[in-house]
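Residue numbers (the working numbering), protein chains in the order written: chain A, 120 to 329; chain B, 221 to 397.
There could be a bad hint or two in this list.
Once the Cα atoms are required to be at most 30 Å apart in a straight line, the calculated DSSO-like pairs of lysine-lysine come out as [what the hints assert, rightly or not]:
#, chain 1, residue 1, chain 2, residue 2
1, A, 231, B, 394
2, A, 291, B, 395
3, B, 394, A, 291
4, B, 362, B, 389
5, B, 238, A, 231
6, B, 292, B, 249
7, B, 238, A, 291
8, A, 291, B, 326
9, B, 362, B, 236
10, B, 389, B, 249
11, B, 394, B, 244
12, B, 292, A, 231
13, B, 389, B, 292
14, B, 235, A, 291
15, B, 316, B, 292
16, A, 291, B, 249
17, B, 242, B, 362
18, B, 394, B, 316
19, B, 238, B, 326
Read the hints as simulated data drawn from the structure, not as lab findings.
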Amino acid sequence: MPSTVVIRRVIKPALFVACALPLLSVVLAAFGIGGASLGANPVERIQDTFGQWGLRFLCITLAVTPVRDWLNMPWLVQLRRMLGLYAFFYVLMHFLTWLILDQGFYWSGILKDIGERPFITIGFTALLLLVPLAITSTNKMMRRLGKRWKSLHRLIYPICLLAVWHYYWQVKADTTEPLIYLAIVLVLLGWRAWKTRSGRASVVAAREPS
Amino acid sequence: MVIPWAGIPLADVLKKFKPTSKAKYVAFKTVLRPEEMPGQRSRSLDWPYVEGLRIDEAMHPLSLLAVGLYGKTLPNQNGAPLRLITPWKYGFKGIKSIVEIRFTEKQPPTTWNISAPHEYGFYANVNPNVDHPRWSQARERKIGAGIFGSRVPTLMFNGYEKEVASLYKGMDLKKFY
Numbered sequence: 120m121p122s123t124v125v126i127r128r129v130i131k132p133a134l135f136v137a138c139a140l141p142l143l144s145v146v147l148a149a150f151g152i153g154g155a156s157l158g159a160n161p162v163e164r165i166q167d168t169f170g171q172w173g174l175r176f177l178c179i180t181l182a183v184t185p186v187r188d189w190l191n192m193p194w195l196v197q198l199r200r201m202l203g204l205y206a207f208f209y210v211l212m213h214f215l216t217w218l219i220l221d222q223g224f225y226w227s228g229i230l231k232d233i234g235e236r237p238f239i240t241i242g243f244t245a246l247l248l249l250v251p252l253a254i255t256s257t258n259k260m261m262r263r264l265g266k267r268w269k270s271l272h273r274l275i276y277p278i279c280l281l282a283v284w285h286y287y288w289q290v291k292a293d294t295t296e297p298l299i300y301l302a303i304v305l306v307l308l309g310w311r312a313w314k315t316r317s318g319r320a321s322v323v324a325a326r327e328p329s
Numbered sequence: 221m222v223i224p225w226a227g228i229p230l231a232d233v234l235k236k237f238k239p240t241s242k243a244k245y246v247a248f249k250t251v252l253r254p255e256e257m258p259g260q261r262s263r264s265l266d267w268p269y270v271e272g273l274r275i276d277e278a279m280h281p282l283s284l285l286a287v288g289l290y291g292k293t294l295p296n297q298n299g300a301p302l303r304l305i306t307p308w309k310y311g312f313k314g315i316k317s318i319v320e321i322r323f324t325e326k327q328p329p330t331t332w333n334i335s336a337p338h339e340y341g342f343y344a345n346v347n348p349n350v351d352h353p354r355w356s357q358a359r360e361r362k363i364g365a366g367i368f369g370s371r372v373p374t375l376m377f378n379g380y381e382k383e384v385a386s387l388y389k390g391m392d393l394k395k396f397y
């Protein structure tokens with residue numbers, strides 16, 4: 120298990136930089152650096168890139184707990200806040216790209232879309248639900264909320280499902296990718312459900328002489 | 221953006237075959253070569269791609285059989301060697317790499333309509349007043365407008381209202397989408 124110092128001074132900063140690479144790739148492509156380009160439909164490309172990475176970071180954040188158990192690396196949980204906040208960041212950027220670059224602050228269209236287009240309503244709901252999670256991500260908030268913090272942060276489960284559903288509903292024909300994400304989310308949630316149910320049984324089994 | 225297609229009026233080609241009054245529609249089919257075209261190996265749509273037009277739409281001067289683009293021969297990805305262009309309709313009506321054209325009495329099947337009948341209709345005329353069930357069609361992003369070109373209002377019949385509106389006089393375009 121890496122020491123606290125290594126986690127704090129090496130692993131976390133490295134992770135911070137790694138998580139920023141998708142943002143960097145968008146910026147580089149926007150300026151045509153290194154031959155990268157945003158293509159013929161740049162606003163859509165930016166919006167899609169941020170949306171994809173928001174969904175990926177949501178899944179990665181959801182995967183921390185199972186992975187730390189499977190690999191027996193309890194210290195991984197110390198990286199979860201950064202991953203969750205990056206998920207919020209990319210989801211927020213996805214939304215702001217839509218609001219500013221795509222809709223151009225055209226409020227009547229924006230409100231109509233959020234109110235009348237189910238896939239946008241679902242996406243917007245997922246974003247709204249992420250806000251209290253982001254706000255209560257600090258150490259101070261964790262102490263203030265105590266036991267309630269864990270209950271509040273279980274919102275990540277419906278958020279991940281809403282995010283996948285939002286993605287699935289905006290696809291025109293090829294539903295392969297959203298369905299893959301759905302499978303991933305269901306496995307990660309299913310593992311938790313299975314662990315809760317058999318939690319007591321495995322504790323008893325561990326105490327028995329083998 | 222406005223695309224400079226080069227081609228032959230579809231009407232000129234169709235008239236050579238002297239269609240009778242029983243020819244109410246024109247049906248098109250694309251090439252089927254999954255061993256060469258990886259996209260056709262997936263089941264996202266029912267291949268080969270099929271499309272159709274009403275006979276008066278097909279005979280309209282704006283309906284083009286494109287053979288070129290930007291002064292060059294039509295590239296493969298744009299539907300070589302022959303591609304249908306109907307500029308007042310949504311792009312999916314522009315069937316590519318046409319291998320078969322038929323006159324039919326009944327309305328022919330069209331691929332996107334087969335895939336999602338309540339989302340894509342036979343006519344597919346650009347219409348800001350008729351929404352796709354999942355999203356609005358009222359505003360569109362102009363290709364080439366760049367990062368800061370936000371959406372603008374969609375034009376009825378994609379700006380060709382004067383030229384084609386008469387084809388649909390009296391038709392409920394919400395029903396015949």
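How the hints compare with the structure:
no.	hint	result
1	231(A) with 394(B)	holds, 19 Å
2	291(A) with 395(B)	holds, 21 Å
3	394(B) with 291(A)	holds, 20 Å
4	362(B) with 389(B)	holds, 28 Å
5	238(B) with 231(A)	violated, 50 Å
6	292(B) with 249(B)	holds, 24 Å
7	238(B) with 291(A)	violated, 38 Å
8	291(A) with 326(B)	holds, 27 Å
9	362(B) with 236(B)	violated, 37 Å
10	389(B) with 249(B)	holds, 28 Å
11	394(B) with 244(B)	holds, 22 Å
12	292(B) with 231(A)	violated, 43 Å
13	389(B) with 292(B)	violated, 37 Å
14	235(B) with 291(A)	violated, 36 Å
15	316(B) with 292(B)	holds, 16 Å
16	291(A) with 249(B)	holds, 21 Å
17	242(B) with 362(B)	violated, 40 Å
18	394(B) with 316(B)	holds, 27 Å
19	238(B) with 326(B)	holds, 18 Å
Going through the hint list in order, the structure does not satisfy hints 5, 7, 9, 12, 13, 14 and 17.
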